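Residue numbers (my numbering), protein chains in the order written: chain A, 1 to 270; chain B, 1001 to 1270; chain C, 2001 to 2303; chain D, 3001 to 3303.
Just so you know, these hints were derived from the structure itself, not from any lab. Treat the hints with care, since some could be wrong.
[Claimed, not checked] Taking lysine to any residue pairs in the SDA-like style, the calculated list, with each CA pair at most 20 angstroms apart, reads:
id : chain 1 : residue 1 : chain 2 : residue 2
1  : A       : K201      : A       : N149
2  : C       : K2065     : A       : F259
3  : C       : K2301     : B       : G1169
4  : D       : K3202     : C       : F2109
5  : C       : K2085     : A       : A84
6  : D       : K3282     : C       : V2199
[What the hints assert, rightly or not] Coverage of chain D stretches by chain B, computed from C-beta distances (three or more under 8 angstroms per stretch; other residues unrestricted):
id : region
7  : 3048-3054
8  : 3221-3230
Note that this is a predicted model, so its numbers are computed, not measured. We treat Cβ as the ideally placed atom computed from N, Cα and C, and that holds for glycine.
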Amino acid sequence: MQRNPNHTTICIVEKVIDETPTVRTLVFSDDVMSKVLPGQFAMVWIPGVNELPMSVMISNELGKAAFTVRKHGPASTALFNLKAGQQIGVRGPYGNSFDLKQGKILLVGGGTGLVPMMRLLTFMNPQDDVTVLIGAKTKDEVFFEDLANKLLTKNIHQVIVTTDDGSYGEKGYVTDMVKKLVDVNHYDGVYTCGPEIMMFKTVQYAHSKGLFVQASLERMMKCGVGICGSCCVGEDLVCRDGTVFDGDHLLSNPEFGHFHRNKAGIPEIY
Amino acid sequence: MQRNPNHTTICIVEKVIDETPTVRTLVFSDDVMSKVLPGQFAMVWIPGVNELPMSVMISNELGKAAFTVRKHGPASTALFNLKAGQQIGVRGPYGNSFDLKQGKILLVGGGTGLVPMMRLLTFMNPQDDVTVLIGAKTKDEVFFEDLANKLLTKNIHQVIVTTDDGSYGEKGYVTDMVKKLVDVNHYDGVYTCGPEIMMFKTVQYAHSKGLFVQASLERMMKCGVGICGSCCVGEDLVCRDGTVFDGDHLLSNPEFGHFHRNKAGIPEIY
Amino acid sequence: MEPSISTSVGSINLERPVMLASGILGISLDVFRRLHRNGAGAVVTKSLSKEPWEGYPNPTIFGLKNGGWINAVGLSNPGAPYFAKMIEPNNEIPIIVSLVGSIPEDFEFMIKQFENCKITAYELNLSCPHVAKVGLEVGDDPELVKKIVTVVKNTTKIPIIAKVGLGTTHYLDTVGTAIECGIDAITALNTIRAMAINVDTKRPILSNKYGGLSGPPIKPIALRCVYEISSKYDVPIIGCGGISTWEDAVEFFLAGASAVQIGSAIGDNWIGVFDDINSGIKKYMSENGFSTIREMIGVAKKS
Amino acid sequence: MEPSISTSVGSINLERPVMLASGILGISLDVFRRLHRNGAGAVVTKSLSKEPWEGYPNPTIFGLKNGGWINAVGLSNPGAPYFAKMIEPNNEIPIIVSLVGSIPEDFEFMIKQFENCKITAYELNLSCPHVAKVGLEVGDDPELVKKIVTVVKNTTKIPIIAKVGLGTTHYLDTVGTAIECGIDAITALNTIRAMAINVDTKRPILSNKYGGLSGPPIKPIALRCVYEISSKYDVPIIGCGGISTWEDAVEFFLAGASAVQIGSAIGDNWIGVFDDINSGIKKYMSENGFSTIREMIGVAKKS
Ligand SMILES: Cc1cc2nc3c(=O)[nH]c(=O)nc-3n(C[C@H](O)[C@H](O)[C@H](O)COP(=O)(O)OP(=O)(O)OC[C@H]3O[C@@H](n4cnc5c(N)ncnc54)[C@H](O)[C@@H]3O)c2cc1C
Ligand SMILES: Cc1cc2nc3c(=O)[nH]c(=O)nc-3n(C[C@H](O)[C@H](O)[C@H](O)COP(=O)(O)OP(=O)(O)OC[C@H]3O[C@@H](n4cnc5c(N)ncnc54)[C@H](O)[C@@H]3O)c2cc1C
Ligand SMILES: Cc1cc2nc3c(=O)[nH]c(=O)nc-3n(C[C@H](O)[C@H](O)[C@H](O)COP(=O)(O)O)c2cc1C
Ligand SMILES: Cc1cc2nc3c(=O)[nH]c(=O)nc-3n(C[C@H](O)[C@H](O)[C@H](O)COP(=O)(O)O)c2cc1C
Ligand code: FES
Ligand code: FES
């Protein structure tokens, strides 16, 4: 019988990789999750604690997948603290995926928003000329730079890191770098995932240059399947209509870049 | 979505054929029922009246099937009285099917027990030498003789009718003819369906000569799927283990040929 | 002539007979607009309380292997005051406001919030099976039901629907009580209290342990309730529970429902399900000689 | 060491924890023998009445599109006297005799019939949802339940199980009443009252209109009932309702059941389902470090 994606499957954490002091990658075996599309996510159950939406991270081993989690509130911290051998539940994969363009490609990621970007890199064509922008507050928080370079060995590519405090790579906001790049280059596709303000600016800049741009959004999620309504952004449900949306669609959405909803469903300003 | 065989599908009676004064064939369109195996049956709902197990009769038109019903109690009489255009419900097909042998084949049918025999004839190989025995009380009750001949035009074959009163064909019980035939011929397969005493004797005679023989049983049926238990014969459930059983298996069953159960589940003597 | 799928539930007139059930995508006016555009005859809001509620921690919902869902979102909602403000601009969408509370005053307070809104009806949630002190715990108390329905009927002229479920008090008694107090219509059924245990972790999956079963598994039970209510009482009924195809909807009409609500089917089939069901109903009506929904209502009881 | 799947339900000891539920293939000793040989830890007979009953006309059962069954066989059965004679020769199969009746004397009479039989237990059917005057109509009347259980306990020393369902009286109250009167164990759950309407003929499919829903759709509801009973009372529980895999059975053990019964799964998967479930349970126990069923019982309540 085919697995019902909405029913939780238990997986064992097999390996825990420290990415930064506050970010870890948990690797597990699951055929379904190993094959998801970039932008897709899972609902991840930390038994006895909570369940969180998580982008599905790639693994370099066949049949495996991973979650890359930043410790934040109680739920993500519990996930972060799991050890190899412990159980997690997964359901999904949920959501749509990026529309792949060919040619000159720009990826803009911040924090765990890099997770779908890494999976997207595995879908690049050898002919693509790929630029990856990684934004972080400070040196300590930079991760996936090496991984991005490794995934792009067959491509003309550059991986640019920016830190707000200049402790590593280029100094400044990653969106300043986006502006610089789109001012002088044409890109056939711009893809972004990370903090909403970062995505908002990236979409604005790219769109103002007439570039094809897509962003993968995050919202409060309970069901992941378009039932509960908690992930709504204007008329859209992030879990079902997204997480990936076209830039022009997003710019016409009055909530994108401005509001997200809290657990009671009340909009809060970013 | 594939049709759930246990859920009732409504079909329209398209044609009603008088076979004898008390037997009619109702033709309807249904792809699933048109393709059942010989021995399989359907549960037939006469809306507002009852639901009866019925062997699925063949039709000469593609995608069609039929039921051949003898009017007996209220339920079968209601079915018998249906007109073209009226609705019946069908679920199934249920039950197993005959094991086909090749060579010299003997079919022994009585009354509506001829229904699975007719379908079985459509599975004969051109090389088979086929004898069909049709038993009836009297001339008026003979049916399917022409059909049997028609289905066997490509085979060496004979269709022998017996009537108890000798008003048509050979005089005597059909089982006397069975005895006669198996006494002098070897058959590679003997198949029978009809009144239980007829089947019992046929199985006994054929078995005593070491012939491969199978019979398709009838019992009180409510569910048709092995839940309600009403069709039990010894350890066997006719609806699920049968309706077709091997002769040697049947002869070791203490109820075959002797008891059937009434609606309350109490055995009654044949 | 084309059959008409408009219907009325007592004095509530609807252009289309398939509504959004409460708690499904029910917290944003923008989303309501989209659902209405996609065929919903009316939308029922998430059940609202006096104050905003966060609800239970996740997992709050998951799908069962054999179909259907169990949820215990815990009635998370932005609260009636915020909600009233949000829907004030609405003029075109038939909105039914679902309310939960523990005492008559809760309901009175909430209804006052909506004074400046165009509301099609209120639906009293007497049947949420997994939150303490509200929902079923209210529905299970006949005296409280009496008080609440009476107070609500005195507070507003807008039609009041009571939504019932399977609790410790038999739902038919609750329906009877509500009718005595002047209820305008009944919605049957809410989710049915249920549980699933994960055998690998050896614990209930939902953070609240118990949740409410919805979707196809409950359809035969909900249908029976509609048939029972319509056999026993003369009250307009909105059928709800496991409806996901036009055939399901028609079964509910034939059993005695004047309109239906769908919830889980949206998770299973997404938003196109409204138009699919509406056009399926229309086709069925043409083929079976019905020109109005009314002609279908309760036909199965006559057989 | 290999885990053992033997279990006990109060004083009822079973070599295997999966029994045949009442009403399924339950009218012939020969068939019981086959089921026992194929893994059933015990067999529960069809519910027996004082006299033979023919039951309702067909259709008495059918399958739902999305899985599960609705039946209203109407408790057709050969009657206790015939049945007692039939099973008298039995020595080796654990047989649990299910009884229905309207008054205490019915039960007394029937138990007397079985004086010369080896009976493992009696199961009182207080929960059939579709026959007048017996089953749920009895279970819904607390005074009658009291009288029946008391009389039965005074008539025989053999363990008595009460089988409950979802009726107009809350099943937890019925369980409480039965416990007060000395019941030895509880079976939860019977089928749930339900209906299906055929839209082409515009009528309910069953001849009795209402029937009982069984199979996968009711599993989450039955599981919740077992969890609720075991959370509230200290009584041995037999889980029943929608169990079709070893995983389902384990869920019921973790929720607090000491054994399980299966019915519809036999229609879905045929008789091999007993051995499949038994061996699945054994494998699960090995992999999860359980050496007895007892260790599993109620574990999910501790989380
Ligand atoms: C599609 C998607 C993909 C994501 N991918 C990742 C990822 O790869 N790595 C990562 O570290 N984080 C990811 N997140 C964010 C993550 O789900 C949590 O929101 C974040 O970890 C903060 O959790 P917390 O510990 O603060 O939650 P707590 O404060 O402990 O509260 C947990 C509860 O609140 C809910 N919740 C709170 N905030 C959010 C939110 N923004 N979105 C959804 N639910 C929320 C959770 O569902 C949960 O029920 C993703 C979010 C979404 C929507
Ligand atoms: C596998 C199978 C195939 C059959 N195929 C045919 C066929 O092709 N043509 C045909 O005319 N008849 C067939 N029968 C017999 C048919 O099902 C009826 O039993 C018969 O028509 C007598 O019905 P009645 O009108 O006397 O029933 P009534 O006396 O009106 O009672 C009807 C009820 O009793 C039950 N019932 C009574 N007798 C039987 C029985 N012997 N078997 C099953 N249920 C019974 C019915 O299910 C129904 O619920 C078949 C039976 C079986 C088991
Ligand atoms: C996630 C979820 C949340 C729900 N929230 C509410 C609610 O707030 N108020 C209410 O009356 N019913 C609520 N319900 C019940 C539905 O309105 C509906 O009665 C039930 O789901 C059965 O219909 P369905 O099978 O079509 O989903 C909720 C159901 C689900 C699945
Ligand atoms: C056809 C049928 C007949 C039944 N007859 C009885 C009965 O006589 N007595 C009884 O207590 N339960 C009866 N039941 C209920 C079952 O014993 C069981 O409680 C119910 O079917 C739920 O289990 P399941 O989902 O495994 O089938 C019957 C169920 C079915 C499907
Ligand atoms: S998370 Fe529930 S609708 Fe998107
Ligand atoms: S007809 Fe029900 S078991 Fe065979």
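Going through the hints against the structure:
Of the pairs offered as hints, the one joining K201/A and N149/A is violated, with about 25 angstroms between alpha carbons and a cut-off of 20 angstroms exceeded. The hinted pair formed by K2065/C and F259/A fails the criterion: a straight-line CA distance of about 36 angstroms is larger than 20 angstroms. At roughly 53 angstroms between alpha-carbon atoms, K2301/C and G1169/B are farther apart than 20 angstroms, so this suggested pair is violated. A hinted pair counts as satisfied when its Cα atoms are at most 20 angstroms apart, and K3202/D with F2109/C does not qualify at roughly 44 angstroms.
As the CA atoms of K2085/C and A84/A are separated by approximately 49 angstroms, the hinted pair breaks the 20 angstroms bound. At most 20 angstroms may separate the alpha-carbon atoms for a hinted pair to count; K3282/D and V2199/C meet this at roughly 13 angstroms. Coverage of a stretch by a chain is defined here by at least three residues with a beta carbon nearer than 8 angstroms to that chain's beta carbons; for the region 3048-3054 of chain D and chain B the count is 3, and the condition holds. Residues of the region 3221-3230 of chain D with a Cβ under 8 angstroms from some Cβ of chain B number 0, which does not satisfy the need for three, so the listed coverage is violated.
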